[in-house]
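Colleague: Could you build the full structure based on these sequences and the hints that come with them?
Residue numbers (my numbering), protein chains in the order written: chain A, 47 to 385; chain B, 47 to 385.
Incorrect hints may appear among the rest.
The list treats identical chains as interchangeable, and a pair is accepted whether it falls inside one copy or across any two copies.
Okay, derived cross-link-like pairs now, DSSO-like style, lysine-lysine, Cα gap no bigger than 30 Å in a straight line [claimed, not checked]:
| no. | residue 1 | residue 2 |
| --- | --- | --- |
| 1 | Lys374 | Lys308 |
| 2 | Lys308 | Lys182 |
| 3 | Lys182 | Lys57 |
| 4 | Lys362 | Lys53 |
| 5 | Lys374 | Lys211 |
Read the hints as simulated data drawn from the structure, not as lab findings.
2 protein chains.
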Amino acid sequence: MDNITIKDIAKALNLSTSTVSRALRDSYEISPETKRMVLEYAERMHYRPNPIALSLKENRSQSIGVMVPEIANNYFSQAINGIEAAAYERGYHVVISQSQESYEREIAEVEHLASRRVDGLLMSLSSHTADVSHLKSLQSRGMPLVFFDRIPSDIETHKVIADNKGGAFEAADHLLETGRRSIAHITSQPGLFITRERLQGYKDALQKHNVPFREELVKYCSYASDEVERNIDALFSLPQPPDAFFTASDRLALPYYAGLKKRGFRIPEDVAFLGYFNLNVSDLLDPPMSVVVQPAFEMGHKAAELLLDLIEAKQKPDAYQTVNLSTKLIIRGSSLGKE
Amino acid sequence: MDNITIKDIAKALNLSTSTVSRALRDSYEISPETKRMVLEYAERMHYRPNPIALSLKENRSQSIGVMVPEIANNYFSQAINGIEAAAYERGYHVVISQSQESYEREIAEVEHLASRRVDGLLMSLSSHTADVSHLKSLQSRGMPLVFFDRIPSDIETHKVIADNKGGAFEAADHLLETGRRSIAHITSQPGLFITRERLQGYKDALQKHNVPFREELVKYCSYASDEVERNIDALFSLPQPPDAFFTASDRLALPYYAGLKKRGFRIPEDVAFLGYFNLNVSDLLDPPMSVVVQPAFEMGHKAAELLLDLIEAKQKPDAYQTVNLSTKLIIRGSSLGKE
DNA sequence: TTGTAGGCGTTATCAC
DNA sequence: GTGATAACGCCTACAA
Numbered sequence: 047m048d049n050i051t052i053k054d055i056a057k058a059l060n061l062s063t064s065t066v067s068r069a070l071r072d073s074y075e076i077s078p079e080t081k082r083m084v085l086e087y088a089e090r091m092h093y094r095p096n097p098i099a100l101s102l103k104e105n106r107s108q109s110i111g112v113m114v115p116e117i118a119n120n121y122f123s124q125a126i127n128g129i130e131a132a133a134y135e136r137g138y139h140v141v142i143s144q145s146q147e148s149y150e151r152e153i154a155e156v157e158h159l160a161s162r163r164v165d166g167l168l169m170s171l172s173s174h175t176a177d178v179s180h181l182k183s184l185q186s187r188g189m190p191l192v193f194f195d196r197i198p199s200d201i202e203t204h205k206v207i208a209d210n211k212g213g214a215f216e217a218a219d220h221l222l223e224t225g226r227r228s229i230a231h232i233t234s235q236p237g238l239f240i241t242r243e244r245l246q247g248y249k250d251a252l253q254k255h256n257v258p259f260r261e262e263l264v265k266y267c268s269y270a271s272d273e274v275e276r277n278i279d280a281l282f283s284l285p286q287p288p289d290a291f292f293t294a295s296d297r298l299a300l301p302y303y304a305g306l307k308k309r310g311f312r313i314p315e316d317v318a319f320l321g322y323f324n325l326n327v328s329d330l331l332d333p334p335m336s337v338v339v340q341p342a343f344e345m346g347h348k349a350a351e352l353l354l355d356l357i358e359a360k361q362k363p364d365a366y367q368t369v370n371l372s373t374k375l376i377i378r379g380s381s382l383g384k385e
Numbered sequence: 047m048d049n050i051t052i053k054d055i056a057k058a059l060n061l062s063t064s065t066v067s068r069a070l071r072d073s074y075e076i077s078p079e080t081k082r083m084v085l086e087y088a089e090r091m092h093y094r095p096n097p098i099a100l101s102l103k104e105n106r107s108q109s110i111g112v113m114v115p116e117i118a119n120n121y122f123s124q125a126i127n128g129i130e131a132a133a134y135e136r137g138y139h140v141v142i143s144q145s146q147e148s149y150e151r152e153i154a155e156v157e158h159l160a161s162r163r164v165d166g167l168l169m170s171l172s173s174h175t176a177d178v179s180h181l182k183s184l185q186s187r188g189m190p191l192v193f194f195d196r197i198p199s200d201i202e203t204h205k206v207i208a209d210n211k212g213g214a215f216e217a218a219d220h221l222l223e224t225g226r227r228s229i230a231h232i233t234s235q236p237g238l239f240i241t242r243e244r245l246q247g248y249k250d251a252l253q254k255h256n257v258p259f260r261e262e263l264v265k266y267c268s269y270a271s272d273e274v275e276r277n278i279d280a281l282f283s284l285p286q287p288p289d290a291f292f293t294a295s296d297r298l299a300l301p302y303y304a305g306l307k308k309r310g311f312r313i314p315e316d317v318a319f320l321g322y323f324n325l326n327v328s329d330l331l332d333p334p335m336s337v338v339v340q341p342a343f344e345m346g347h348k349a350a351e352l353l354l355d356l357i358e359a360k361q362k363p364d365a366y367q368t369v370n371l372s373t374k375l376i377i378r379g380s381s382l383g384k385e
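Modeller: Here it is as structure tokens:
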């Protein structure tokens, strides 16, 4: 990859590098004749300006770093798609990295990206990240930072998340509207922000319909393999067993869906089922699964736009935003009704 | 992000930049005392060498470009995961780009990546790319190039693909071993390399078992929505209807699996089912689906390693390799048997 | 053991 | 209109 430079052009045409540079940038000071000559020669020799030299001079790389827990994850790959699209629209490149859900690796890789002089960083925290001082330090050194999905509560910057409370409300509300009264909520670890948000949306819907909240219908899951059947059995052993399931993530939806069917429950006749689910196979299940879809692409796209704004603004904005993007409720099959 | 430079350190410690540079690189010529001073100060001020300056000097960027048809695709995101892992192991960054299956965008983005001085390029062709002269030109200008999965036939370089013929053979062979004799083969457009390879593996297995090949059992699909049921009906209207299905891709497996069940066929009692399928939900279907899995991660990883070897070798290798990675047959449930 | 100078590719500034 | 020079951050041959 030996590339032709301005210097080469200058030498070939008996001009100075400054003249060539100006001609290439179509400066008004250069005679039409010279311009023509330079442009023609440059074209012929496949001249391409060296962006590295420019980066050095202008102290920016026209690239943004993206740090996600894992790339091979349906949700994150959709988000990356959105990020790449936004970056492309504005002439930036995307440098990608994954923490593999490791706190140590997150620290190392973030530092690595920063030393590579990405112009800004887009992040979703690893699940093992409790302390965010490495990111605070980065921010204090002037690195534009935007978080999406897995956001920290104690860093001030733009953040983009799905409206989990709203989505859970809408989902539970729909189940209640169609006559369900005992809605099991299968969800993630109680400590997580999204878990709390979703639980709140669920509770709000119950309240709207004057249905009392029952703690025993909520199951916090750790993804253990035998947990699914144990939880299903426990729920159906209750004096008032569930007539609907509302699950909180991709990784919970399918196991419980399959688990219910395996246990002989008919969906939706015996038990309605509604879950957060981003894989595009929900319509191919039997019966098709009704789902709450996270706007992964849009989140990535929006987060990237905010980051690029931050980068190009040069100075801090008056206020940082936290953007809540709506989830989408998709009802499939007989509308979850009992009839 | 105003960063401290060698010059700053030199000024602060009353040294020359070269001394500082040498101290940081732990050169033998520098006195331990000076080294200590410099290192300590650098550490304290969070000094990070500017890789852009180095890139400019050494004409390399320590990054590789990755061009895939789409990021938000289970197969490619797994491959990117492998690529990132290999790059990370060897200290390279990954710059990502997608053609969105567009020939024009592929040309533009590849050029863009090249002008960004990535040290090498990892590619999977867009489905609309027939002419690869833009890539030949790139290669002739000295850019190391490695292809994976969607490979061109007329560019000489390293290539990494799944052993589709072998995988199809293994799959069909298993179906034949378990007593099936009329195996429908649902596959992609007949023009594609992978389609031909899989068909050949299928035929080879038939031959091994002395079962004649029947053209009417092969269905080339275009992903039209009504096609699934039409094809299923056509197949079961044959004088000798199929007793097994072998599908050729993620996007065909689920629709046909669901379609068969919808039509009332029991799997595997009425008809065995085996398909290429990379989504990790196959075991959660009802009944669990037996699958042929493509080694997506390994392909990305291997391709990246080959590319890095190429980059670091400085000169062309004696011969280019085409690596065939084995697919994996996973049998779930009652081994597809009829008993 | 440390310092000086030149160069990687580009552009901005100042001269002519 | 065009050219010379310095600067971006770093490294390294050469000098001291």
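Colleague: Each hint should be assessed against the structure and marked as holding or not.
Modeller: Hints, one by one, checked against the model:
1. In this assembly of identical chains, the alpha carbons of Lys374 and Lys308 lie at most 30 Å apart whether taken from the same copy (28 Å) or from different copies (27 Å).
2. Taking CA atoms no more than 30 Å apart as the test, Lys308 paired with Lys182 passes in neither setting, with 48 Å inside one copy and 54 Å between copies.
3. In this homomeric assembly, Lys182 and Lys57 come within 30 Å of each other (Cα to Cα) only across copies, at 28 Å, whereas the closest approach inside a single copy is 49 Å.
4. Only between protomers do Lys362 and Lys53 lie at most 30 Å apart by alpha-carbon distance; the minimum there is 28 Å, versus 39 Å within a single protomer.
5. Taking the shortest alpha-carbon separations for Lys374 and Lys211, only the intra-copy value of 12 Å comes in at or below 30 Å, while the best inter-copy value is 41 Å.
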